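Student: The primary structure of each chain is shown beneath.
2 protein chains.
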Amino acid sequence: MSGDEAGEPAEETIFTWGAPPLKFGAGACDEIGYELAQYGAGRVLVVTDPGVRELGIPDRVADSLHRYGVAAEVFDGVHVEPSDASFAAAVEHAESHGPWDGFVAVGGGSAIDTAKAVNLLTSCTGELIDYVNAPVGRGKAPDRPLKPLVAVPTTAGTGAESTAMCVLDVLSMKVKTGISHWRLRPSLAVVDPLLTMSLPPEVTASSGMDIVCHAVESYTARWYGGFGRRAPEERVTYCGANPVSDLWCEKAMGLIAKSFRRAVYDGATDVEARTDMIMAATFAGMGFGNAGVHIPHANGYPIAGMVGDYRPRGYPQDEPMVPHGQAVSLTAPEAFRFSFAAAPERHLRAAGLLAPDKEQLDDPAEQLPQVLVDLMRDIGIPNGIGAVGYGESDVPALVPGTMKQQRLLTTCPRPVDEEDIERILLNSVQNW
Amino acid sequence: MSGDEAGEPAEETIFTWGAPPLKFGAGACDEIGYELAQYGAGRVLVVTDPGVRELGIPDRVADSLHRYGVAAEVFDGVHVEPSDASFAAAVEHAESHGPWDGFVAVGGGSAIDTAKAVNLLTSCTGELIDYVNAPVGRGKAPDRPLKPLVAVPTTAGTGAESTAMCVLDVLSMKVKTGISHWRLRPSLAVVDPLLTMSLPPEVTASSGMDIVCHAVESYTARWYGGFGRRAPEERVTYCGANPVSDLWCEKAMGLIAKSFRRAVYDGATDVEARTDMIMAATFAGMGFGNAGVHIPHANGYPIAGMVGDYRPRGYPQDEPMVPHGQAVSLTAPEAFRFSFAAAPERHLRAAGLLAPDKEQLDDPAEQLPQVLVDLMRDIGIPNGIGAVGYGESDVPALVPGTMKQQRLLTTCPRPVDEEDIERILLNSVQNW
Numbered sequence: 000m001s002g003d004e005a006g007e008p009a010e011e012t013i014f015t016w017g018a019p020p021l022k023f024g025a026g027a028c029d030e031i032g033y034e035l036a037q038y039g040a041g042r043v044l045v046v047t048d049p050g051v052r053e054l055g056i057p058d059r060v061a062d063s064l065h066r067y068g069v070a071a072e073v074f075d076g077v078h079v080e081p082s083d084a085s086f087a088a089a090v091e092h093a094e095s096h097g098p099w100d101g102f103v104a105v106g107g108g109s110a111i112d113t114a115k116a117v118n119l120l121t122s123c124t125g126e127l128i129d130y131v132n133a134p135v136g137r138g139k140a141p142d143r144p145l146k147p148l149v150a151v152p153t154t155a156g157t158g159a160e161s162t163a164m165c166v167l168d169v170l171s172m173k174v175k176t177g178i179s180h181w182r183l184r185p186s187l188a189v190v191d192p193l194l195t196m197s198l199p200p201e202v203t204a205s206s207g208m209d210i211v212c213h214a215v216e217s218y219t220a221r222w223y224g225g226f227g228r229r230a231p232e233e234r235v236t237y238c239g240a241n242p243v244s245d246l247w248c249e250k251a252m253g254l255i256a257k258s259f260r261r262a263v264y265d266g267a268t269d270v271e272a273r274t275d276m277i278m279a280a281t282f283a284g285m286g287f288g289n290a291g292v293h294i295p296h297a298n299g300y301p302i303a304g305m306v307g308d309y310r311p312r313g314y315p316q317d318e319p320m321v322p323h324g325q326a327v328s329l330t331a332p333e334a335f336r337f338s339f340a341a342a343p344e345r346h347l348r349a350a351g352l353l354a355p356d357k358e359q360l361d362d363p364a365e366q367l368p369q370v371l372v373d374l375m376r377d378i379g380i381p382n383g384i385g386a387v388g389y390g391e392s393d394v395p396a397l398v399p400g401t402m403k404q405q406r407l408l409t410t411c412p413r414p415v416d417e418e419d420i421e422r423i424l425l426n427s428v429q430n431w
Numbered sequence: 000m001s002g003d004e005a006g007e008p009a010e011e012t013i014f015t016w017g018a019p020p021l022k023f024g025a026g027a028c029d030e031i032g033y034e035l036a037q038y039g040a041g042r043v044l045v046v047t048d049p050g051v052r053e054l055g056i057p058d059r060v061a062d063s064l065h066r067y068g069v070a071a072e073v074f075d076g077v078h079v080e081p082s083d084a085s086f087a088a089a090v091e092h093a094e095s096h097g098p099w100d101g102f103v104a105v106g107g108g109s110a111i112d113t114a115k116a117v118n119l120l121t122s123c124t125g126e127l128i129d130y131v132n133a134p135v136g137r138g139k140a141p142d143r144p145l146k147p148l149v150a151v152p153t154t155a156g157t158g159a160e161s162t163a164m165c166v167l168d169v170l171s172m173k174v175k176t177g178i179s180h181w182r183l184r185p186s187l188a189v190v191d192p193l194l195t196m197s198l199p200p201e202v203t204a205s206s207g208m209d210i211v212c213h214a215v216e217s218y219t220a221r222w223y224g225g226f227g228r229r230a231p232e233e234r235v236t237y238c239g240a241n242p243v244s245d246l247w248c249e250k251a252m253g254l255i256a257k258s259f260r261r262a263v264y265d266g267a268t269d270v271e272a273r274t275d276m277i278m279a280a281t282f283a284g285m286g287f288g289n290a291g292v293h294i295p296h297a298n299g300y301p302i303a304g305m306v307g308d309y310r311p312r313g314y315p316q317d318e319p320m321v322p323h324g325q326a327v328s329l330t331a332p333e334a335f336r337f338s339f340a341a342a343p344e345r346h347l348r349a350a351g352l353l354a355p356d357k358e359q360l361d362d363p364a365e366q367l368p369q370v371l372v373d374l375m376r377d378i379g380i381p382n383g384i385g386a387v388g389y390g391e392s393d394v395p396a397l398v399p400g401t402m403k404q405q406r407l408l409t410t411c412p413r414p415v416d417e418e419d420i421e422r423i424l425l426n427s428v429q430n431w
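Chains as they are written, first to last, in numbering that gives the first Met the number 0: chain U, 0 to 431; chain X, 0 to 431.
Treat the hints with caution; some may be incorrect.
Stated by the list, open to error - In silico BS3-like cross-links for lysine-lysine, where the CA-CA straight-line distance does not exceed 27 Å:
| hint | chain 1 | residue 1 | chain 2 | residue 2 |
| --- | --- | --- | --- | --- |
| 1 | U | 146 | X | 175 |
| 2 | U | 146 | X | 146 |
| 3 | U | 403 | U | 173 |
| 4 | U | 146 | U | 173 |
| 5 | X | 175 | X | 146 |
| 6 | X | 357 | X | 257 |
| 7 | X | 403 | X | 139 |
| 8 | X | 173 | X | 139 |
| 9 | U | 139 | X | 146 |
Keep in mind the hints are simulated off the structure, nothing from the lab.
Computed from a predicted structure; not experimentally measured.
Build out the structure end to end from the sequences listed, making use of the hints.
Tutor: Okay, structure coming up:
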């Protein structure tokens, strides 16, 4: 440990970690009424999107609330890939029908993130932009306690039920950014694997690759001790890989190795595989939500944001989109080829956890990329950014969108510049 | 999955888990002022015992609070092995000097448990006995939100900073019991390994055996799915071994294997070993605090409670005592010999994690007991309950004290009756 002139250590010696309490298992979603009644909640807003509402889950949650004497209404106006505008619409709905004693988010990352924002903006003073991460927003901390928020994921992917952040597009600035503060973390994550049984194979595959990237990116992230020492007021939610994020990510990778392919191939009937996958999603959220993610997620922002006319199978066909799990995973093999040299053992260990039976390749830097390529081929992920509409000539336009994600790039174990990102994108036009 | 007549599953399908946010590392204890200022706290009570106060840590915490504009006073009247009487004295002090916006507990399990009780009884209505677990008390849930409580462990042992319960002697009924509810869990655990550097080897050894028992007992506990299905209002803090408690306990056992002996032999200078041990204590708390412990801890209650004139080296000599970590570990080898048959793979895996290099014994049931005996001999734990003052003739008097701990015994993977306990105690008079 070296010291600066004042005798203070120059390297970080402290890491932070937090997670919501968890209620996990078949039938858990029918106990939400009891949980919110414990907080003395009288009126609760259930926040969801129209697709999830059609499945009946939000109204089942509302019934559970009614059984415990809690009045509940359902708001199903959540927008997939939420923006400042869609957050504002949800907040306006909540305010005009409020006040509320608590919230339940039912859905994927979009619903859970929207509920976090609604909770923040109906509990605290000020505007959305006050709370958005600097430099896009003012990075203000919530100035009041938030209301209880129960998060109920219906896909095995984002892990948003575990994390203290929400992601949004700021439309006027054409940038994807977030709000992150420990007060945004749900009060309780209710994870019921049976809610995921009917997901189509394509959604299972794509969402599952988001889990893989969460786990591997935070497992290979810069170690927390490799950052400079921070004062308490400078600490950020993403503090780098640490012993606690490691244990969650290791377990998530083991669950993926065991059950990801089965969940894609036989998800309609394989309860064990569905259970393992949503557990992996939650566990990876417990990890990356504190450690952080790096290049693959940073690249995922422009890859999703600049979509042309790609319409993925298994998703609604009314507008073009690159599903988040595809966007973040398409450059992952090449990104880990790049970051390998900075933390070889960690890349090899991740490869070993994800594919315990894979033969050892001659070039160790190829082990993790090949494990990912094997998996992506097997489960039908598009073959590189070329397969979702980007050619080599599009790469220069994508690079600035990645470089804006400095909050993520700083978590990469190896310093990364524009040329590095350009090369990674070029080499990801086709992955196999 | 079998079903009862109403079509409901008869086995439990749900587990619950919770843990406080964590700030871990050298220097973390100087950031407590910032943390409590974030809650808007104006006046905070630091709860500690006289021995810890002499080390200067509570006043250092108070200074940290003052730097962030938070008024702080130190109460150093915590009693080791707290009782209803000592809780009442602490509550009376807090009430007569209050009101308080938050609490900081600095010390071992006694200080942290006392602060939990003070927080409960100064925040909610009613008496201590209302909240004590039934059947001793009325098992009432806290009727109001509690104040922020930051827990700062100064020994690597109890893991009380992670758990949602506090343990006390009810003097009039001569019984040790507890209060457990998720609202008791600290708002934040601040774990600073440097606070443990000066612990004497005997305290390091004894406290460390408490960690070992937490990790191994909850790792070998009855699986949560092996209990009957509970309604949400029937769920208890200890839900049995589960995938989340497992991951914490596995990691804790690995840290113990790496660093326990070093912490005993070279604890004054081996920062890495101290760091590993207090991390193991916190991790084991994250695990057992949700899964539960079984026979060794149940036996620990009468072994500590009926002490004759045993005065352990390294501890204050003014009154006889069996340190908690000794009391819970002295019957552990024999208890795990007994429970082996109900979960052989788990006992073997625990042995493998605690002693990766130990040769495989002919009798697999002996593997874990021998690993524990090796460890206890090496670090100077007394050789059985005989070495702390109990002979074979004392065993019948100890048995009822164990049998009162049905809340713990029900967590044993194998049904256990009075004769079993008597045999375990008899075979633990001498462990090697």
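Student: Identify every previously stated hint that the structure contradicts and give their numbers, smallest first.
Tutor: The structure breaks hints 1 and 4; every other hint is satisfied.
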